[in-house]
Amino acid sequence: MEVAALAGVTTLAITDHDTTSGWPEAAESAGRHQIGLVRGAEISALARTPGWGTGVHLLAYLHDPTHPDLLAETERTRDDRTSRARRMVDLLGEDYPITWEDLLAQTKSGTTIGRPHIADALVAAGVVPGRDEAFATMLRPGTRYYVGHYAPDAVAAVRAIRAAGGVPVFAHPGADARGRVVPDSTIEELAAAGLAGLEVDHRDHTQDGRRRLRDIAGSLDLLVTGSSDFHGEGKKNRLGENTTAPDVLEAIAAQGALEVLR
Numbered sequence: 001m002e003v004a005a006l007a008g009v010t011t012l013a014i015t016d017h018d019t020t021s022g023w024p025e026a027a028e029s030a031g032r033h034q035i036g037l038v039r040g041a042e043i044s045a046l047a048r049t050p051g052w053g054t055g056v057h058l059l060a061y062l063h064d065p066t067h068p069d070l071l072a073e074t075e076r077t078r079d080d081r082t083s084r085a086r087r088m089v090d091l092l093g094e095d096y097p098i099t100w101e102d103l104l105a106q107t108k109s110g111t112t113i114g115r116p117h118i119a120d121a122l123v124a125a126g127v128v129p130g131r132d133e134a135f136a137t138m139l140r141p142g143t144r145y146y147v148g149h150y151a152p153d154a155v156a157a158v159r160a161i162r163a164a165g166g167v168p169v170f171a172h173p174g175a176d177a178r179g180r181v182v183p184d185s186t187i188e189e190l191a192a193a194g195l196a197g198l199e200v201d202h203r204d205h206t207q208d209g210r211r212r213l214r215d216i217a218g219s220l221d222l223l224v225t226g227s228s229d230f231h232g233e234g235k236k237n238r239l240g241e242n243t244t245a246p247d248v249l250e251a252i253a254a255q256g257a258l259e260v261l262r
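In this text, residue positions in the sequence shown follow this note's numbering: the first is 1, and each later residue adds one.
Worth double-checking, as some hints may not be accurate.
[Said to hold, decoys possible] The following label-pair restraints were derived from C-beta to C-beta distances:
{"no.": "1", "residue 1": "T137", "residue 2": "T49", "range": "37 to 45 Å"}
{"no.": "2", "residue 1": "P246", "residue 2": "G93", "range": "43 to 51 Å"}
{"no.": "3", "residue 1": "S109", "residue 2": "G194", "range": "28 to 36 Å"}
{"no.": "4", "residue 1": "K236", "residue 2": "P24", "range": "41 to 49 Å"}
{"no.": "5", "residue 1": "G93", "residue 2": "T10", "range": "40 to 48 Å"}
{"no.": "6", "residue 1": "L220", "residue 2": "E25", "range": "16 to 24 Å"}
{"no.": "7", "residue 1": "L71", "residue 2": "T137", "range": "29 to 37 Å"}
{"no.": "8", "residue 1": "S185", "residue 2": "D69", "range": "20 to 28 Å"}
{"no.": "9", "residue 1": "A7", "residue 2": "E28", "range": "14 to 22 Å"}
{"no.": "10", "residue 1": "R48", "residue 2": "S109", "range": "31 to 39 Å"}
{"no.": "11", "residue 1": "D221", "residue 2": "D153", "range": "18 to 26 Å"}
{"no.": "12", "residue 1": "G130", "residue 2": "S109", "range": "34 to 42 Å"}
{"no.": "13", "residue 1": "D208", "residue 2": "A136", "range": "17 to 25 Å"}
{"no.": "14", "residue 1": "H33", "residue 2": "A105", "range": "39 to 47 Å"}
[Said to hold, decoys possible] Cross-link-like lysine to aspartate or glutamate pairs, in silico, DMTMM-like; alpha carbons within 25 Å at most:
{"no.": "15", "residue 1": "K108", "residue 2": "D90"}
{"no.": "16", "residue 1": "K235", "residue 2": "D16"}
{"no.": "17", "residue 1": "K108", "residue 2": "D16"}
{"no.": "18", "residue 1": "K235", "residue 2": "D132"}
{"no.": "19", "residue 1": "K236", "residue 2": "D176"}
{"no.": "20", "residue 1": "K108", "residue 2": "D132"}
{"no.": "21", "residue 1": "K108", "residue 2": "D153"}
{"no.": "22", "residue 1": "K236", "residue 2": "D102"}
{"no.": "23", "residue 1": "K235", "residue 2": "E25"}
{"no.": "24", "residue 1": "K236", "residue 2": "E188"}
{"no.": "25", "residue 1": "K236", "residue 2": "D132"}
{"no.": "26", "residue 1": "K108", "residue 2": "E28"}
{"no.": "27", "residue 1": "K236", "residue 2": "D208"}
{"no.": "28", "residue 1": "K108", "residue 2": "D176"}
{"no.": "29", "residue 1": "K235", "residue 2": "D204"}
{"no.": "30", "residue 1": "K235", "residue 2": "E42"}
{"no.": "31", "residue 1": "K235", "residue 2": "E2"}
{"no.": "32", "residue 1": "K236", "residue 2": "E259"}
{"no.": "33", "residue 1": "K236", "residue 2": "D64"}
{"no.": "34", "residue 1": "K108", "residue 2": "E42"}
{"no.": "35", "residue 1": "K235", "residue 2": "E188"}
{"no.": "36", "residue 1": "K108", "residue 2": "D79"}
{"no.": "37", "residue 1": "K108", "residue 2": "D80"}
{"no.": "38", "residue 1": "K235", "residue 2": "E101"}
{"no.": "39", "residue 1": "K236", "residue 2": "D201"}
{"no.": "40", "residue 1": "K236", "residue 2": "E133"}
Derived by calculation from the structure, the hints in this document are not laboratory data.
Backbone N, C-alpha and C fix where the C-beta goes; we use that ideal spot for every residue, glycine too.
Start from the sequences and build out the full structure, keeping to the hints where you can.
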């Protein structure tokens, strides 16, 4: 929150992966730094089309964190992420000086363990110079070190977010460097299930990709958002490098079960 205030950010969303454990601390800090706070989470999901599927991330804004259906899915995902991370560390440990204790040293209590923490452990061990290199090489899908994890069906996840009073937005849907990009038909299916918006302005989107997504959003009457996708010092992303228009923020606030803390 302090970094956001220094960057001139007036309203910030906290959307940690599959958890809301950071909300209380974020709310206290946002109040101290006089920053508006949109409480949310980033839900890991799987979009399926005939013949294949791909992992996607859905931003759940302003949802009830105690809703049983969504809570059950996020807890199952977090548990599976932990066992998946253990397996990846075991595989990496066969070739590199990294252990489970090294990974835990990169986390805090309540952390949803994922590949970023494995990357940080690799950086700390001197295996790679930064997170980006770790993701581009040994942690990407297709390598012998990569292990998948449980994720709910994307359509079901959108419905669960809505049932919890949340506002579902598709995170970085055109980031082809991360893997497969879902076809227009999948976005149409998610929109029919209750998807509220597309995160268009994102570091991992090309200008052509942004134009495509704006056209899709316009045709499906979806909100257009922007995000820095800031993960701390481990990535190049910087707070405030992509933002959401004030009128879109108000549209999200009008749909959510929770209020924006201002």
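Taking the hints in turn, this is what the structure says about them:
| no. | hint | result |
| --- | --- | --- |
| 1 | T137 with T49: 37 to 45 Å | violated, 28 Å |
| 2 | P246 with G93: 43 to 51 Å | holds, 48 Å |
| 3 | S109 with G194: 28 to 36 Å | holds, 33 Å |
| 4 | K236 with P24: 41 to 49 Å | violated, 29 Å |
| 5 | G93 with T10: 40 to 48 Å | holds, 45 Å |
| 6 | L220 with E25: 16 to 24 Å | violated, 36 Å |
| 7 | L71 with T137: 29 to 37 Å | holds, 35 Å |
| 8 | S185 with D69: 20 to 28 Å | holds, 26 Å |
| 9 | A7 with E28: 14 to 22 Å | holds, 19 Å |
| 10 | R48 with S109: 31 to 39 Å | holds, 34 Å |
| 11 | D221 with D153: 18 to 26 Å | holds, 23 Å |
| 12 | G130 with S109: 34 to 42 Å | violated, 25 Å |
| 13 | D208 with A136: 17 to 25 Å | holds, 22 Å |
| 14 | H33 with A105: 39 to 47 Å | violated, 28 Å |
| 15 | K108 with D90 | holds, 21 Å |
| 16 | K235 with D16 | holds, 15 Å |
| 17 | K108 with D16 | holds, 13 Å |
| 18 | K235 with D132 | holds, 7 Å |
| 19 | K236 with D176 | holds, 17 Å |
| 20 | K108 with D132 | holds, 21 Å |
| 21 | K108 with D153 | violated, 29 Å |
| 22 | K236 with D102 | holds, 23 Å |
| 23 | K235 with E25 | holds, 22 Å |
| 24 | K236 with E188 | violated, 31 Å |
| 25 | K236 with D132 | holds, 8 Å |
| 26 | K108 with E28 | holds, 18 Å |
| 27 | K236 with D208 | holds, 22 Å |
| 28 | K108 with D176 | violated, 31 Å |
| 29 | K235 with D204 | holds, 12 Å |
| 30 | K235 with E42 | holds, 17 Å |
| 31 | K235 with E2 | holds, 18 Å |
| 32 | K236 with E259 | violated, 31 Å |
| 33 | K236 with D64 | violated, 31 Å |
| 34 | K108 with E42 | holds, 18 Å |
| 35 | K235 with E188 | violated, 31 Å |
| 36 | K108 with D79 | holds, 16 Å |
| 37 | K108 with D80 | holds, 18 Å |
| 38 | K235 with E101 | holds, 22 Å |
| 39 | K236 with D201 | holds, 16 Å |
| 40 | K236 with E133 | holds, 12 Å |
Hint violations for this structure: numbers 1, 4, 6, 12, 14, 21, 24, 28, 32, 33 and 35, all remaining hints satisfied.
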